[in-house]
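**Q** In case you want the letters, here they are:
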Amino acid sequence: MARVLITGGSSGLGQALVAQCRAQADMSVCVVDIAPPADGASDWITHDMGTRDADRWDALADALTTQGPFDLVVLNAGINATGRYEQVPLAAHLAVARVNLLGPMRLLHILLHKNLLASGGRVVFISSLSVFTGYPGAASYAASKDGLACLARSLRKPLRKAGNVSVQLVCPGPMDTPHATRHAPEGARADRRIDPAKVARMILAQPDRRFLLVPGAGARMAAAFGRTFPQTMTRIMGKVLFRKLT
Amino acid sequence: MKAKLIFVTGGASGLGLELVRAARRNGHRVICTGRRGAQDLPVDFPDIPYLSCDLASEDGANKVADWAIQNSGGQIDCALLNAADGYFRPMTLETPDAIMRVLSVNLDANMILAHRLYPALSGGHLALIGSVAHKGAAGMPVYAASKAALDGFGRALAEEWRGRTYVRVLHPGPTATGMAERAGRRPNAADKLFLAARPMAQAVLDAALATKGRDRQVISYGRVLFNPARWLRKGAA
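In order, the protein sequences belong to chains A and B. When we follow the working numbering, the leftmost residue of the first sequence carries the number 1, and every step to the right adds one. When we follow the working numbering, the leftmost residue of the second sequence carries the number 247, and every step to the right adds one.
There's no promise every hint is true.
Claimed, not checked - In silico SDA-like cross-links for lysine to any residue, where the CA-CA straight-line distance does not exceed 25 Å: (1) B:K381 - A:A162; (2) B:K381 - A:R235; (3) A:K157 - B:T338; (4) A:K114 - B:Q463; (5) B:K250 - B:R410.
What the hints assert, rightly or not - Here chain A is said to cover these stretches of chain B; the calculated rule only asks that three of the stretch's residues, wherever they fall, bring their Cβ under 8 Å from a Cβ of chain A: (6) 277 to 287; (7) 313 to 319; (8) 328 to 341; (9) 352 to 366; (10) 371 to 383; (11) 446 to 454.
Please keep in mind that the hints were generated in silico from the structure rather than gathered at the bench. Source: prediction; values computed, not measured. All C-beta atoms, glycine included, are put in the ideal place defined by N, C-alpha and C.
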């Protein structure tokens with residue numbers, strides 16, 4: 001029985017991952033989410049990934065100790081704050097940085113210290129296509145996702161050497177989720193966004209366990225262009241996204 | 247060159263101190279903050295307004311922002327957000343407090359300062375001092391991630407503020423500032439290849455004040471050893 005830990009399981013990609021894991025007989029899932037479970041599920045730990053309260057992290061560590069070790073960990077929980085940087089309240093920007101970057105760091109620290117990563121297991125970091133394109137109009141989100149991607153790159157070799165744990169970095173473009181709908185510019189077409197269930201399937205399948213996964217041909221093209229011409233790509237993002245957001 | 251008002255964070259030691267010295271040498275007016283108490287500053291520290299404050303808390307960052315606005319008269323020509331903290335150790339040896347501290351100083355404080363100083367930076371320059379570790383570093387994953395986050399933040403902000411404020415993310419290469427040792431890295435033979443802090447600071451300052459150039463730049467051997475601004479400026483380092 002493979003044990004799976006997913007952060008942010010109540011919506012979007014996390015919800016799709018949880019549903020697909022629960023549908024498989026050989027997987028048991030544990031969810032960490034700020035919201036209590038809608039269906040009263042017992043495999044759910046209510047926890048705010050952005051908290052700086054040491055007691056709450058200790059409580060999470062205790063709860064995870066009874067559930068692990070985990071064969072698959074998906075660091076998925078994330079929030080966004082869009083608009084002109086200086087016009088979005090500072091508290092919202094700081095919350096984004098804490099939920100999207102501080103939270104995964106603290107959780108990984110717990111998993112490593114408590115030996116909760118199973119040998120041969122996998123840690124998946126859900127970052128963003130913004131790592132390759134930049135994301136004017138969501139500066140704190142872009143910061144957090146770049147930080148998360150860097151963390152994945154930094155931990156790839158140490159985790160492989162120490163515990164035969166593989167690391168994967170997933171950089172999805174816009175997905176058809178409530179999160180993307182909330183932060184997309186007005187009039188943006190939802191049918192161009194990738195289905196989170198498809199991304200969840202790709203993450204769970206991953207037979208070759210390649211390090212970087214950019215789901216969708218369009219997203220892969222944008223990533224390739226952004227890698228080759230980073231500043232031009234960010235200028236394009238400014239024109240096609242930021243101007244519409246503000 | 248017209249004298250500018252330059253605001254430096256983390257100016258009490260390391261690269262920040264050299265940035266202060268370079269700016270003063272170039273004839274600019276400098277105001278500076280650092281974690282050290284005023285009594286612990288080097289004996290040759292310039293006679294400039296200095297605030298001792300730790301940026302690890304929101305209160306500290308807001309206090310620095312208030313002080314910078316007050317001491318600049320509300321107009322900052324260039325903010326060099328250089329203060330940083332970090333430890334050279336793997337994730338397994340990190341502590342929860344250290345993780346929070348590194349992210350607070352290296353990311354949160356800079357986000358707070360950029361937000362608060364937005365009006366004062368109109369027509370000016372904002373330089374976020376990163377690190378070449380932002381590409382990833384197994385030996386210091388938390389520090390590297392914080393600098394990558396700063397890179398992504400500055401990349402977005404440069405586009406958002408284009409035409410109003412020049413935003414640059416400058417990633418200095420290995421520099422002999424003593425920070426690596428303070429962060430827990432053992433000295434080794436590679437230290438001999440580190441760039442001297444003084445020319446590095448001059449190259450960083452020149453890149454920060456330039457009105458042309460890419461939003462994100464690595465300032466390393468090529469830029470330091472062949473800094474064109476160095477030859478154009480009389481009396482430069």
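**Q** Per the coverage rule (Cβ-Cβ under 8 Å, at least three residues), is the region 277 to 287 of chain B covered by chain A?
**A** Result for this restraint: violated, n = 0.
**Q** For B:K250 and B:R410, compute the direct alpha-carbon distance and say whether it is at most 25 Å.
**A** 17 Å, holds
**Q** For the pair supplied as a hint, A:K114 and B:Q463, confirm whether the alpha-carbon distance does not exceed 25 Å.
**A** 39 Å, violated
**Q** For the pair supplied as a hint, B:K381 and A:R235, is the alpha-carbon distance within the 25 Å limit?
**A** 21 Å, holds
**Q** Does B:T338 lie within 25 Å of A:K157 when you go C-alpha to C-alpha?
**A** Roughly 13 Å between the alpha carbons, so the hint for A:K157 and B:T338 holds.
**Q** Counting residues of the region 446 to 454 of chain B that have a beta-carbon nearer than 8 Å to any beta-carbon of chain A, does the count reach 3?
**A** Not satisfied, violated; 0 residues make the cut.
**Q** Per the coverage rule (Cβ-Cβ under 8 Å, at least three residues), is the region 352 to 366 of chain B covered by chain A?
**A** Since three or more residues must qualify, the claim that chain A covers the region 352 to 366 of chain B holds, with 8 doing so at under 8 Å.
**Q** Under 8 Å between beta-carbons, do enough residues of the region 371 to 383 of chain B, three at least, approach chain A for the coverage claim to hold?
**A** holds (count 4)
**Q** Is the hinted pair B:K381 and A:A162 satisfied, with a Cα-Cα distance of at most 25 Å?
**A** Holds, because 22 Å separates the two Cα atoms, which is no more than 25 Å.
**Q** Counting residues of the region 328 to 341 of chain B that have a beta-carbon nearer than 8 Å to any beta-carbon of chain A, does the count reach 3?
**A** Satisfied; 4 residues make the cut.
**Q** Are at least 3 residues of the region 313 to 319 of chain B within less than 8 Å of chain A when you compare beta carbons?
**A** Check failed, 0 qualifying residues.
In the structure shown, a violation is registered for the earlier hints numbered 4, 6, 7 and 11, in ascending order.
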